[in-house]
Amino acid sequence: MRKVYRMEELDCANCARKMEDAIRKIEGVENVAVNFLTQKMTLQAEDSRFEEILQQAVKICRRVEPDCRIIL
Amino acid sequence: MKKKEKRVLVRIFAAAILLAVAALLPLEGFWRLLAFVVPYALVGWDVLWHAVRNILHGQVFDENFLMALATVGAFCIGEYPEGVLVMLLYQIGELFQDFAVDRSRRSIASLMDIRPDWANVERDGALVQVDPEEVSVGDIIVVKAGERIPLDGVVTDGTSALDTAALTGESLPRTVAPGDAVISGCVNQSGLLHVKVTSEYGDSTVSRILELVENSSARKARYESFITRFARWYTPVVVIAAVLLGLVPPLFVGNWSDWINRALIFLVVSCPCALVISVPLSFFGGIGGASRQGILVKGGNYLEALAHADTVVFDKTGTLTRGVFHVTAVHPQNAAAEELLEAAALAESYSDHPIARSLREACSCELDNRRVTEVEELSGRGVRAVVDGRTVCAGNQKLMTEYGSECHKCHRVGTLVHVSIDGQYAGHIVISDEVKEDAAQTISKLKELGVKKTVMLTGDAKEVGEDTAQRLGMEEVYTELLPAGKVERVEALLEGKTENGRLVFVGDGINDAPVLSRADVGIAMGAMGSAAAIEAADIVLMDDKPSKIPLAIRIARKTLRIVRQNIVFALGVKGIVLVLGALGLANMWLAVFADVGVSVIAILNAMRALYAGK
Numbered sequence: 001m002r003k004v005y006r007m008e009e010l011d012c013a014n015c016a017r018k019m020e021d022a023i024r025k026i027e028g029v030e031n032v033a034v035n036f037l038t039q040k041m042t043l044q045a046e047d048s049r050f051e052e053i054l055q056q057a058v059k060i061c062r063r064v065e066p067d068c069r070i071i072l
Numbered sequence: 001m002k003k004k005e006k007r008v009l010v011r012i013f014a015a016a017i018l019l020a021v022a023a024l025l026p027l028e029g030f031w032r033l034l035a036f037v038v039p040y041a042l043v044g045w046d047v048l049w050h051a052v053r054n055i056l057h058g059q060v061f062d063e064n065f066l067m068a069l070a071t072v073g074a075f076c077i078g079e080y081p082e083g084v085l086v087m088l089l090y091q092i093g094e095l096f097q098d099f100a101v102d103r104s105r106r107s108i109a110s111l112m113d114i115r116p117d118w119a120n121v122e123r124d125g126a127l128v129q130v131d132p133e134e135v136s137v138g139d140i141i142v143v144k145a146g147e148r149i150p151l152d153g154v155v156t157d158g159t160s161a162l163d164t165a166a167l168t169g170e171s172l173p174r175t176v177a178p179g180d181a182v183i184s185g186c187v188n189q190s191g192l193l194h195v196k197v198t199s200e201y202g203d204s205t206v207s208r209i210l211e212l213v214e215n216s217s218a219r220k221a222r223y224e225s226f227i228t229r230f231a232r233w234y235t236p237v238v239v240i241a242a243v244l245l246g247l248v249p250p251l252f253v254g255n256w257s258d259w260i261n262r263a264l265i266f267l268v269v270s271c272p273c274a275l276v277i278s279v280p281l282s283f284f285g286g287i288g289g290a291s292r293q294g295i296l297v298k299g300g301n302y303l304e305a306l307a308h309a310d311t312v313v314f315d316k317t318g319t320l321t322r323g324v325f326h327v328t329a330v331h332p333q334n335a336a337a338e339e340l341l342e343a344a345a346l347a348e349s350y351s352d353h354p355i356a357r358s359l360r361e362a363c364s365c366e367l368d369n370r371r372v373t374e375v376e377e378l379s380g381r382g383v384r385a386v387v388d389g390r391t392v393c394a395g396n397q398k399l400m401t402e403y404g405s406e407c408h409k410c411h412r413v414g415t416l417v418h419v420s421i422d423g424q425y426a427g428h429i430v431i432s433d434e435v436k437e438d439a440a441q442t443i444s445k446l447k448e449l450g451v452k453k454t455v456m457l458t459g460d461a462k463e464v465g466e467d468t469a470q471r472l473g474m475e476e477v478y479t480e481l482l483p484a485g486k487v488e489r490v491e492a493l494l495e496g497k498t499e500n501g502r503l504v505f506v507g508d509g510i511n512d513a514p515v516l517s518r519a520d521v522g523i524a525m526g527a528m529g530s531a532a533a534i535e536a537a538d539i540v541l542m543d544d545k546p547s548k549i550p551l552a553i554r555i556a557r558k559t560l561r562i563v564r565q566n567i568v569f570a571l572g573v574k575g576i577v578l579v580l581g582a583l584g585l586a587n588m589w590l591a592v593f594a595d596v597g598v599s600v601i602a603i604l605n606a607m608r609a610l611y612a613g614k
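Chains as they are written, first to last, in the working numbering: chain X, 1 to 72; chain B, 1 to 614.
If you are wondering where the hints come from, they were derived from the structure by calculation, not from laboratory data. It is possible that some hints are incorrect.
Said to hold, decoys possible - Okay, the calculated beta carbon distance ranges per label pair:
no.: 1; chain 1: X; residue 1: Asp21; chain 2: B; residue 2: Arg7; range: 26 to 36 Å
no.: 2; chain 1: B; residue 1: Ile576; chain 2: X; residue 2: Ser48; range: 46 to 56 Å
no.: 3; chain 1: B; residue 1: Asn369; chain 2: X; residue 2: Asn31; range: 53 to 63 Å
no.: 4; chain 1: X; residue 1: Ser48; chain 2: B; residue 2: Leu449; range: 48 to 58 Å
no.: 5; chain 1: X; residue 1: Asp21; chain 2: B; residue 2: Glu437; range: 41 to 51 Å
no.: 6; chain 1: X; residue 1: Glu9; chain 2: B; residue 2: Gly191; range: 42 to 52 Å
no.: 7; chain 1: X; residue 1: Asp21; chain 2: B; residue 2: Arg174; range: 39 to 49 Å
no.: 8; chain 1: B; residue 1: Ser110; chain 2: X; residue 2: Asn31; range: 26 to 36 Å
no.: 9; chain 1: X; residue 1: Gln44; chain 2: B; residue 2: Arg561; range: 50 to 60 Å
no.: 10; chain 1: B; residue 1: Leu34; chain 2: X; residue 2: Asp21; range: 23 to 33 Å
no.: 11; chain 1: X; residue 1: Glu9; chain 2: B; residue 2: Val568; range: 43 to 53 Å
no.: 12; chain 1: X; residue 1: Asp21; chain 2: B; residue 2: Arg561; range: 26 to 36 Å
Yeah, the Cβ is synthetic: ideal placement off N, Cα and C, and Gly gets one too.
Using the sequences plus the hints, can you model the full thing?
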């Protein structure tokens, strides 16, 4: 399954890169792109565990940049 | 300017004044420290707060942390004005950077501003504005003058001129009348149009284009992955170097505060932001600029490959030629020209083949089907029918031999339709496809751009293919190919090319999907409204002009040039400042410039990619 989420206050390009790196390491993630320019995250992951993976991704984003929110 | 940015600006001004005051006041000891801490806290409290918060989250090499460490370090070694100034400059730089990114984001967004906001639907006799997503297939929508067509459909009522510039880069308006297909994203310039919707919003041309461009950043070019990998190592390495620089040399030579100052310079320079932001921004700008010209690129990697194109392979029909057949000559024998054409057209009157259609078009008189009986299609040879009581055979040489009619070749190049009436040869008709206006120019421009080889693949007869290729000035031509043969040819060409060169295949995207995906870069043209072509190709041309290919190569090369400039510039400046800093020749101001100043310049440079191809 592939879904696109809007992000708010993603303020730095390097943070987007860090998020992308960390989310890619979650088990079950097939592909992920955190786009600083469009302020969007494209997450592609296993269907059965998608919700769980998404929650982990949200947590990672909060750790890297606390002000940044993913609009679910 | 956003509210947040305004607040930062006010803080910067206030802190600058306070800093000047602090520098002028004749204070000593603790009071002097306090006088400098006030402007420092005013301008940098958010950086300090973010630094602390990120440390708690385990983010060590964060920009805020590095900047906080560098400035607090400056205070520790007694360089109060330096500490405040660095923070001040950093904030100014960040503000500029936010501003530049915001601007570029907006100009890219406005470029992609083809998303329709509403659709007018007639409900209960009144026109209502609804979300395009709520409209279903078969609904009739009304598009007023000046409005954007929200969904793909067919005109049922009204005529108008459509502005397709946002989709194709073509400035000439296209006129539409009832029965014509229209695609979403075009702007209705004059009349009122009623359009019957043929696809839902999610499948419409606009959504597909937007999705394609927005997802383009997922396919990264080699330069982008290089930068990502580089950034992963750069910061930790520079920070470790800073620690070593601040601790090791003073053990031997003393002078702690000087060495710590040098270490702090390293910390300031250690953020990879300029690179991490400017390289993807350049590619995004290039892709955005290309889309403005009606060239949709599915990812930075394809832009990169296109810049290195050295072999361009074209499919013939529909790509270099119009794919529309016309009768170009009638050579009668034992019959009048009119009679020959009429007999052939009537015999073919039940066929829907492009050749049959061109025969009917060429016929000036009214064609009455009732004159034709006993029609028999002979596959691979032609057709036999009884016209006005006479047996007419129309087809290729094989058919003539089969029916015992002598026929001869023609000096004209094209597809030949031989005709015999009651077993007697009546002559032949030459039908050929028209070469597109800009085809020859495309080939010569490609050569100017340094493309080594242009190749034509076609399923057409040898003479036809070779003649066209020769007229266009193409190096190689392979004729009489079946679809599988085209794949084999492309594979052979891929084997034969140089290691750094890339092979580009250009087709109309209808039945060449396997070749499109086999080539390094597959370009589908004339793809307005064809989902299959958009799916199979790496680059999609919205209109059917081959001249967009040299343009695409130029845009790709300019984008790559900008990317390289940015990498060399950012790494160069940072490298020089690191060396100067280690030698004690750089001050903190220069370091701040190497961080945020370089970022801003790189962003501005990246934005040039948006205007490539202009």
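Hints versus structure:
1. Asp21(X) with Arg7(B): 26 to 36 Å: This hint holds: roughly 32 Å between Cβ atoms.
2. Ile576(B) with Ser48(X): 46 to 56 Å: 52 Å, holds
3. Asn369(B) with Asn31(X): 53 to 63 Å: Because 58 Å falls inside the window, the suggested range holds.
4. Ser48(X) with Leu449(B): 48 to 58 Å: 50 Å, holds
5. Asp21(X) with Glu437(B): 41 to 51 Å: 50 Å, holds
6. Glu9(X) with Gly191(B): 42 to 52 Å: 45 Å, holds
7. Asp21(X) with Arg174(B): 39 to 49 Å: 47 Å, holds
8. Ser110(B) with Asn31(X): 26 to 36 Å: 29 Å, holds
9. Gln44(X) with Arg561(B): 50 to 60 Å: 32 Å, violated
10. Leu34(B) with Asp21(X): 23 to 33 Å: 42 Å, violated
11. Glu9(X) with Val568(B): 43 to 53 Å: At roughly 32 Å between Cβ atoms, Val568(B) and Glu9(X) fall outside 43 to 53 Å, so the hint is violated.
12. Asp21(X) with Arg561(B): 26 to 36 Å: This hint holds: roughly 28 Å between Cβ atoms.
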